[in-house]
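Trainee: Sequence:
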Amino acid sequence: MNKVVSILSLSLILGACASTSPKTEVTGISVKLPQDNWVQVTNKEETDQYIKEWVPNGKTPFDTNWIITEQKLPIQSKTSAENFQKSMFSLAKQSCTDVLYNGPQEINVNDHLTSVGRIMCAKQNGKSYGTFTDQRVVIQGLTAYVVTSELRIPASSKAGVLAFDKEQLNEMKEFMQLQGKSSSFVRKSVNVCLSDSVNCI
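In case it helps, mature numbering (1 follows the signal peptide of the UniProt record, and there is no 0) puts the sequence shown at residues -18 to -1, 1 to 183.
Source of the hints: derived by calculation from the structure; they are not laboratory data.
Treat the hints with care, since some could be wrong.
Unchecked claim - Simulated crosslink set (DSBU-like; lysine-lysine; CA at most 30 Å straight-line):
#1 Lys170 / Lys148
#2 Lys34 / Lys68
#3 Lys148 / Lys34
#4 Lys75 / Lys109
#5 Lys60 / Lys155
Claimed, not checked - Label pairs and their computed distance ranges (CB to CB):
#6 Asp30 / Ser139: 36 to 44 Å
#7 Asn173 / Asp45: 39 to 47 Å
#8 Glu7 / Lys155: 25 to 33 Å
#9 Phe146 / Pro43: 18 to 26 Å
#10 Leu124 / Asp147: 41 to 49 Å
#11 Gly123 / Trp20: 42 to 50 Å
#12 Leu15 / Phe44: 15 to 23 Å
#13 Ser59 / Ser179: 24 to 32 Å
#14 Thr42 / Asp178: 16 to 24 Å
#15 Asp178 / Glu27: 42 to 50 Å
#16 Glu153 / Asp18: 28 to 36 Å
Heads up, the beta-carbon is just placed ideally off N, CA and C, and yes, glycines get one too.
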């Protein structure tokens, strides 16, 4: 749960100004999981915030190679989704031995500028694995919605470099396939719910 603590800490210190003024408001998000065989392992809600986590059926948060997290967080000051994600990228350095980033890239949803990006972590501090984590950020006022799709891989000395052993060829092939699914998931299956629509888009 280190990433949860880190994002919560970030939500309290960010203070940049938002760059757009859309006519509608974001009322929430809707996540469509990338395949059917997922099980929810976390569902906690408090005032103005929640966290939900899913892993493939038959796995736990401790032995899975893929975990999806959805969070709603309060933030102290208004900011853009892109700036929020840039700060998340910087914060990742505290929990990884080496970090590499892709993005952030803005995705316009009815004038709401959401953001996507990827963090590659060589080895998470205190863990035996590295990660490729795709993220989607949606901001509404003083609320941030953050969806992460984390793939866990053998730890390496440098972020973005794969360190599968020779006997892990099948695991490497699976990871290469999951990369595309993870990236597509945060871009196409995280829908934004708006105040002027009964559907999430």
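Trainee: With the threshold set at 30 Å, check whether the alpha-carbon distance from Lys60 to Lys155 stays at or below it.
Mentor: Violated. Lys60 to Lys155 sits at ~42 Å, over the 30 Å cutoff.
Trainee: Check the following: the C-beta atoms of Ser59 and Ser179 are separated by a distance inside 24 to 32 Å.
Mentor: holds (28 Å)
Trainee: Check the hint pairing Lys148 with Lys34 against an upper bound of 30 Å on the C-alpha distance.
Mentor: violated (35 Å)
Trainee: Is 36 to 44 Å a correct range for the gap between the Cβ atoms of Asp30 and Ser139?
Mentor: holds (41 Å)
Trainee: Asn173 and Asp45, beta-carbon distance inside 39 to 47 Å?
Mentor: Given about 30 Å between the Cβ atoms, the range is violated.
Trainee: Holds or violated: Lys75 with Lys109, Cα cutoff 30 Å?
Mentor: Holds, at about 15 Å.
Trainee: With the threshold set at 30 Å, check whether the alpha-carbon distance from Lys170 to Lys148 stays at or below it.
Mentor: violated (34 Å)
Trainee: Could you say whether the range 15 to 23 Å given as a hint is met by the Cβ separation of Leu15 and Phe44?
Mentor: holds (20 Å)
Trainee: Do the beta carbons of Glu7 and Lys155 sit within 25 to 33 Å of each other?
Mentor: Roughly 44 Å apart at Cβ, these two residues miss the hinted range, so it is violated.
Trainee: Measuring from beta carbon to beta carbon, are Glu153 and Asp18 in 28 to 36 Å?
Mentor: violated (22 Å)
Trainee: Could you say whether the range 41 to 49 Å given as a hint is met by the Cβ separation of Leu124 and Asp147?
Mentor: Given about 47 Å between the Cβ atoms, the range holds.
Trainee: Does the hinted range 42 to 50 Å hold for Gly123 and Trp20 at CB?
Mentor: violated (30 Å)
Taken one by one, the earlier hints fail for this structure at numbers 1, 3, 5, 7, 8, 11, 14, 15, 16, listed in ascending order.
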